[in-house]
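Novice: Here the UniProt record's numbering is used: the first residue of the sequence shown is 1, the next is one more, and so on.
It should be emphasised that the hints constitute simulated quantities derived from the structure, not laboratory data.
Glycine included, C-beta positions come from ideal geometry on N, C-alpha and C.
Treat the hints with care, as some may be off.
Label pairs and their calculated CB-CB ranges [what the hints assert, rightly or not]:
#1 Glu-83 <-> Pro-31: 15 to 23 Å
#2 Lys-48 <-> Ala-245: 40 to 48 Å
#3 His-122 <-> Asn-367: 28 to 36 Å
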Amino acid sequence: MSSSYAYQKQPSPTKDARSSQPRAPPGTPLPITPASLTRLRPARVFQKAVDPGPSDPGANGNGNVSGPGPRTITSLSFDNTGEFLVTAAEDEAFRLYNCRYGKLVKPLYSKKYGVDLATFTHKNTNILHASTKEDNTVRYHSLYDNRYLQYFKGHKKRVICIEMSPVDDTFLTSSLDKTVRLWDLRSPTCRGLLNLPRAPIVAYDNTGVVFAVALSSPPRIALYDAAAWDTEPFLTVDLTDTQLAKRAFPPRVPVITSLQFSSNGKWLLVGTAGDTHYVLDSFNGDLLARLEGHVGLERGKLPKTPPSITPQRGISGQEITFTPDSKFVLAGSHTGKWHAWDLTSKEETMSGLLVGKENEVRTLMPNVGLEGHAGPIRCLRWNPRFGMMATAGEELAFWLPEKKLDMMRGRDGERERERRLSNDVKMSDAR
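Construct the complete structure from the given sequences, taking the supplied hints into account.
Specialist: Set out below in C-alpha cells:
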C-alpha cells in the first residue's frame, strides 16, 4: 500500500405509510454546503489500491466489459457504522479499509471466482459479492476468517446489481439474464423472481417497503411493494427526456446504470452512463431535474475516448450518490473530476425541487467540480456516519474538509514527535 498525503396502477403503500417509518437519516458532524464541498481535499490517496497487470477484457464474456486500460476499482461499500470501507477491483481482490485511521486493514483475493459489487451486509465482518469467473453465483463472505458462508445460485449471466435491504437480511440482485431475484442471507434458495424484457437495475427505498426496478431502451422505472412480489408494480413511469431529441434524432438515450432513493424518501436518483442523470419524485414518478455538466463513463477507462454511436453501459454504475442529507447529488466523471449538484432552492415545490417555467424540467449544472485522481472516477460514495467521501478508479482517495485535514495533520505530527522522542529516550538508555 502506498499512502500519500495530498491533504396501470394498483393500490400502493401510501405516502404516509412510507414516510412514517424511515430510517433516521445518517448524520454528519458538519453541515454539507457548496462551500464545505469545495473545501474537500484528498486526505489519503492509496496509489496501489489495485495490483498492476494486463487490462481485463471481461472475464466470462457476458458481463460489463470494461475494455482496455489499467486495472481499476469497480465498487465501494461503507458499512453501517461508517468505520470500514470495502473495495472490489479488477485484480480479483477486495480490500478492507479503516476509515477512522485511513489505513488498509487487509487485502483478500478471490482468484478462482473474481470479485465485483462487494457490498456490506448489516455486519461489518460480512460482505456479499458477485462473481466474474466460473459462474454467476453471488457469494456471502466472512472478512473475519476469510471463508464463504453461503452461495446464492440462479443467475445465468453476470450480476450487475446487489442491493441489501435497509431493514433485514434480505437482498435483491439483478443480472444481464433479465431477472431480479430476492434472497435471504440465511438460505441459498431464491425467494422471489421477476422476469423482465431487458436487463434491470434495482434499489430499495429507505424503509425497505418499496423497491424500484429500472430498464433501459426505452427507459422505464417500476415501483413494487416489497411484500407483494406476485403482483404488478403499483407505479410504472416512462422516463421521457424531451431535451435529447433537440440534440440528435433519433434521440440518443443513455443506459441506466444505477438507482438510489434519497434518505428523506422524496426523490429517486437515476444514474446513467451518459452525460445526463435524472432526479424523479419517488411518489408519483414525475421528472424533477436533469443533471448535466459531467462526462459520462460509457466511454470506458481510456482518456479522451468519444462515445460510441450506440449508447453503452461502459464502466458506469457506482459513480453517483446522494449526500446523507439528501441536499446534493455527487458524481464522478470520465475526466477524473467529481461534481456536486445542489438540489435545494428557495422556491421549492412539494417535492423540494424548483420546476422551471411552464413546468419545464430544470437542467442543473454542477455547483462544485474538483479534480480527483488519475483516470476516470469510477466509484464515489459518501460515508453514512462521518463527514468524508471516497472516490476510486485507478487509485482510492479519502476526502475530508480542510479543517478536519488540518486537525488530522496535527495529530499525525504529534504522533511523529512522540515516536521520535521515544526513540531518543531508548537511544539514551542504550548509551
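Novice: When you take the CB atoms of Lys-48 and Ala-245, is the distance between them in 40 to 48 Å?
Specialist: Between Lys-48 and Ala-245, where Cβ atoms are some 46 Å apart, the hint holds.
Novice: Okay, His-122 versus Asn-367 on CB: inside 28 to 36 Å?
Specialist: holds (34 Å)
Novice: Does the hinted range 15 to 23 Å hold for Glu-83 and Pro-31 at CB?
Specialist: holds (22 Å)
Violation of the numbered hints given earlier is absent; every hint is satisfied by the structure.
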